[in-house]
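Visitor: Below, each chain spelled out in residue letters.
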Amino acid sequence: SQELEQSPQSLIVQEGKNLTINCTSSKTLYGLYWYKQKYGEGLIFLMMLQKGGEEKSHEKITAKLDEKKQQSSLHITASQPSHAGIYLCGADNRGAGSYQLTFGKGTKLSVIP
Amino acid sequence: GAVVSQHPSWVICKSGTSVKIECRSLDFQATTMFWYRQFPKQSLMLMATSNEGSKATYEQGVEKDKFLINHASLTLSTLTVTSAHPEDSSFYICSAVLTSGIRETQYFGPGTRLLVL
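Sequence lines, in order, name chains A and B. When we follow the working numbering, the leftmost residue of the first sequence carries the number 221, and every step to the right adds one. When we follow the working numbering, the leftmost residue of the second sequence carries the number 2, and every step to the right adds one.
These aren't lab readings, by the way, just hints derived from the structure by calculation. Check each hint, because a few of them may be wrong.
To be verified - A few chain A residues that don't get close to chain B, going by computed Cβ distances all over 10 Å: (1) S227; (2) S246; (3) G272; (4) I281; (5) K288; (6) T322.
Said to hold, decoys possible - Facing chain A, a subset of chain B residues (Cβ under 7 Å, in silico): (7) S44; (8) L45; (9) G110; (10) G112; (11) L116.
Since this is a predicted model, take the numbers as computed values, not measurements. Beta carbons are placed, not taken as given, at the ideal position from N, Cα and C, and that holds for glycine.
The following block holds chain A by itself, in its conformation from the complex (with noise of 0.2 Å):
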């Protein structure tokens, strides 16, 4: 089964801050999603990313897929408190026949005003 490790698993940042969250698979991913969790809440959408080399931005946070598509990185520009929370990456399993995700154990980022 596939495994997705996170690094690191906490974070905290001086606000204004620059920083990244690094997600490795152990297999080749045909698709990686980067979600959003406040602690007891439910999972907010960031991005997804298939193509190897790809890399998308939503407002301050950049994500990007390696050209071999085994490791995806978040960049967080100019850190604010509102980017506190959970990160997870999921990977799509839908090479084996179904799209299901696997989680990370996720980062969390504190963001110190």
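Got chain A sorted already, so can you dock chain B onto it with the hints?
Guide: Quick look at chain B alone, frame taken from chain A:
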């Protein structure tokens, strides 16, 4: 964006009772919905795949007789935790798949927190 709701948002019940959780896609139809379970400080674990008009597919280790899933329509899936026990206390999240062309994206509900006493 697509909206998925869950009801109730939280529930407290006595051990041995059954609890039903609803997952609705509010502004789109979803042939497929997923049910996940999340323990504190852990990631989401897929429990089952709910397909409209057919039986749900359960992940290994998930008891289908304990976690009953019904996908009665293209906008509603229900998860019933039967004879709940304290170890069933958890955060249950559903997602609904929105298909647009060749792209399928999962949108998640806000979750239901279950506490079994």
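Visitor: If a hint holds in the structure, say so; if it doesn't, say that too.
Guide: Status of each hint after checking the structure:
1. S227: The claim stands: S227 (chain A) keeps its Cβ more than 10 Å from every Cβ of chain B (closest is about 14 Å).
2. S246: It holds; S246 (chain A) is separated from chain B by about 15 Å at its closest Cβ, greater than 10 Å.
3. G272: At roughly 17 Å from the nearest Cβ of chain B, G272 (chain A) sits farther out than 10 Å, so the non-interface label holds.
4. I281: 15 Å, holds
5. K288: 22 Å, holds
6. T322: The claim is violated: T322 (chain A) sits with its nearest Cβ about 7 Å from chain B, within 10 Å.
7. S44: 4 Å, holds
8. L45: Check passed: Cβ of L45 (chain B) comes within 5 Å of chain A, closer than 7 Å.
9. G110: 5 Å, holds
10. G112: G112 (chain B) check passes; min Cβ-Cβ to chain A is 5 Å, inside 7 Å.
11. L116: Violated, about 12 Å.
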